[in-house]
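Asks: Residue numbers (the numbering used here), protein chains in the order written: chain A, -4 to 263; chain B, -4 to 263; chain C, -4 to 263.
To be clear, the hints were calculated from the coordinates, so they are not data collected in a lab. Note that the Cβ used here is the ideal one computed from N, Cα and C, for glycine as well. Treat the hints with caution; some may be incorrect.
[To be verified] Computed from the model, here is a short list of chain A residues facing chain B with C-beta under 7 Å: (1) I20; (2) A22; (3) V24; (4) N35; (5) I52; (6) I57; (7) V65; (8) W212; (9) L229; (10) R232; (11) R236; (12) V239; (13) D249.
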Amino acid sequence: MDRMKLVLQYFQSNSESISNGICIILALVSVKLYTSFDFNCPCLPQYNKLYSLGVMIVPPIILFFLGVLVNRHTGVMMDEWMRPVGNRSKNPAVVKYLFSAMLQRAMLAPMVWILVTLMDGKIFICAFSVSVDPSLFSGLPNNTGLDVIKVMAKVPCKEDIIFRNSSFRKAVSRYVRCYSQAVGWSILLFLVVLGAMGRLVKPYFDDHATSLQTRYWSNYLDVEQKLFDETCVLHARDFARKCVVQFFDDMREDAVLHLPQPLIVSNP
Amino acid sequence: MDRMKLVLQYFQSNSESISNGICIILALVSVKLYTSFDFNCPCLPQYNKLYSLGVMIVPPIILFFLGVLVNRHTGVMMDEWMRPVGNRSKNPAVVKYLFSAMLQRAMLAPMVWILVTLMDGKIFICAFSVSVDPSLFSGLPNNTGLDVIKVMAKVPCKEDIIFRNSSFRKAVSRYVRCYSQAVGWSILLFLVVLGAMGRLVKPYFDDHATSLQTRYWSNYLDVEQKLFDETCVLHARDFARKCVVQFFDDMREDAVLHLPQPLIVSNP
Amino acid sequence: MDRMKLVLQYFQSNSESISNGICIILALVSVKLYTSFDFNCPCLPQYNKLYSLGVMIVPPIILFFLGVLVNRHTGVMMDEWMRPVGNRSKNPAVVKYLFSAMLQRAMLAPMVWILVTLMDGKIFICAFSVSVDPSLFSGLPNNTGLDVIKVMAKVPCKEDIIFRNSSFRKAVSRYVRCYSQAVGWSILLFLVVLGAMGRLVKPYFDDHATSLQTRYWSNYLDVEQKLFDETCVLHARDFARKCVVQFFDDMREDAVLHLPQPLIVSNP
């Protein structure tokens, strides 16, 4: 119970933890979205690539901007950037730090979407089934009277009559899916190596004290904003209470003044 | 427990959080409504577009007005707009802020409805199956003795006899659904980019101090209204108690006055 | 409840326990990933080995770098290595100790992945089904018109038409899986014996007091960093509170100065 409270306090203490939480939730939502999204390839040679490209690119862009939108870092950064210079001089390093923090977190959900689509492979099959050389596989259905390219474009559509009980469709799908997964693993490998290298190599290039100070200031900005909001609410509540009490007091005085004269006279 | 209390306090503290919660619930309700709504296309050339248009436009309008209706911002805004100018001068910026906040929240549920229908694609198929060029797909049933347009209008009806075991129907459906999803993703992309840009660019155009002040005042109005309501209830209860006690006291006095005289005389 | 608290306190006390926890979670994630990963062999002679090699090598590398990335030891080590020499002289033994601790923990998840794939055997079947001598087993389908090597490459694909209801496929799979599991058990045996020997023999070669001191210092570094972070947050919160209170005080003074003159005159 005590621990629970500390954990929750941590999640409330600074914007970094809140942003982390939001980004993880967004990434999970993107996975959920992909699994519940009814992906259907048009199976027409001229539309397949376009549709696949759309599914591969548009949702990640949406998720990226959504990440920017819901990220607390964004607001803190814009406030710091736009605020008038008062007694505290502006530090571009803080803005840069907040910007990179925002960007990193906003990139998580799109990357998860792209990796999940690549691992699943359906979109890759839709996009590149036309580009596969059919001579690699045996059993191409040639009694349909269609061009080879039109037949290959129908590979992603499982329920099509042409491929009923055909192992050709499955073989082509397997082949393209292997490429898709290879691309997915490669991207993941690249990103993770980049991240690990970034963490190991970064200390060589920037001063440790400066980066600590930058982190401190970004945290300070966040806490300041939150305290300002809280104090505003308290102030408003205090002021409203005074006004309402004043109003009721006035009303009572009015009530006394408007009573018929004799009663007041008879009182003393 | 302590944390829970704080969270609940936050949800009670200002109208913004309550409105947010209501709007999210409304959006979820609209999704639930769509999935449980039994959409059935008439499959007649002259009615298809009309029915689809109705399903596409009427529920969002209903959800929009419902959003306006249940939104706390609406009440606060109307009160601020209509109140007599007392010692506190009216600030049009506050009304504008409240209006835009109300509009944004009321727009959420209709947008969710529209996006869900577009992603699902059923309504698009119903509306535009007549407009598809049937020569793009092989297997148009031509032994039915019907016009091409009447056949195309029957595409959304899965269980129709014409299309029993026909891959033509599925191909057309896939084709139109792709367009539907493309439109849906485009709208979503446009909205999210607009929102993100709005958040990033807004600080350039309006004074930060002014917007903070506006937010403070909108919060103040809300708190004032709530406190006024609470104080009213307390005051009414107080006044009613006095009246009731007065009534019972009067009744007792009446009872004493109406007793037969001899008894009172006999007492001393 | 009390026990739970102690366990959680242990997990917060030093970075070693956190790192251990993270590594165990990572290992479990790698198992979960393997079981939910849709492994599909291309079943083409020239691609089988490549694909298997990719699945066998790329994910462990990713998991290794992920382990390095999320490990708290990494950060502590880099800080200790890069910090300017102040009054406390740098101790290379501490860095070495932290490095070996980091490496050991980062190796856990990749080893689990490799062992699970070997125990499961699917990847081994995909890689080495071509290398099996088919004369060992009866029932090689020879009415397909394909090379023996192409037939053997299709062994990992269960649903292929060639092997429908064939016990030949099952026999080959069993045979290769036995090899796979033998390799897996051997690696596990080797690692465990190495670990046990390491623990038993190590005290002969290094001074116990020195290693205790090293462990103490590595723990100290971690605690120092954590305390610094906590103090930073507290300091920022304190400072922000002062600034906000100052702002509201200034505002109140402004309000007093802007009141109409008579009120101020009447005050004294």
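Asks: Please go over all the hints and tell whether each is borne out by the structure.
Replies: So, going through the hints one by one against the coordinates:
1. I20: violated (14 Å)
2. A22: violated (16 Å)
3. V24: violated (14 Å)
4. N35: Since chain B brings a Cβ to about 5 Å from N35 (chain A), closer than 7 Å, the hint holds.
5. I52: Status violated, d = 10 Å.
6. I57: For I57 (chain A), the interface hint holds, since the closest Cβ of chain B sits about 5 Å away, which is under 7 Å.
7. V65: Hint violated; V65 (chain A) Cβ to chain B Cβ min 10 Å, cut 7 Å.
8. W212: violated (19 Å)
9. L229: Violated. Min distance 10 Å.
10. R232: holds (5 Å)
11. R236: Holds, because the Cβ-Cβ distance from R236 (chain A) to chain B comes to roughly 6 Å (cut-off 7 Å).
12. V239: Where the cut-off is 7 Å and the nearest Cβ of chain B is about 5 Å from V239 (chain A), the hint holds.
13. D249: Since chain B brings no Cβ nearer than about 14 Å to D249 (chain A), farther than 7 Å, the hint is violated.
In summary, the structure is inconsistent with hints 1, 2, 3, 5, 7, 8, 9 and 13 from the numbered list given earlier, while agreeing with the others.
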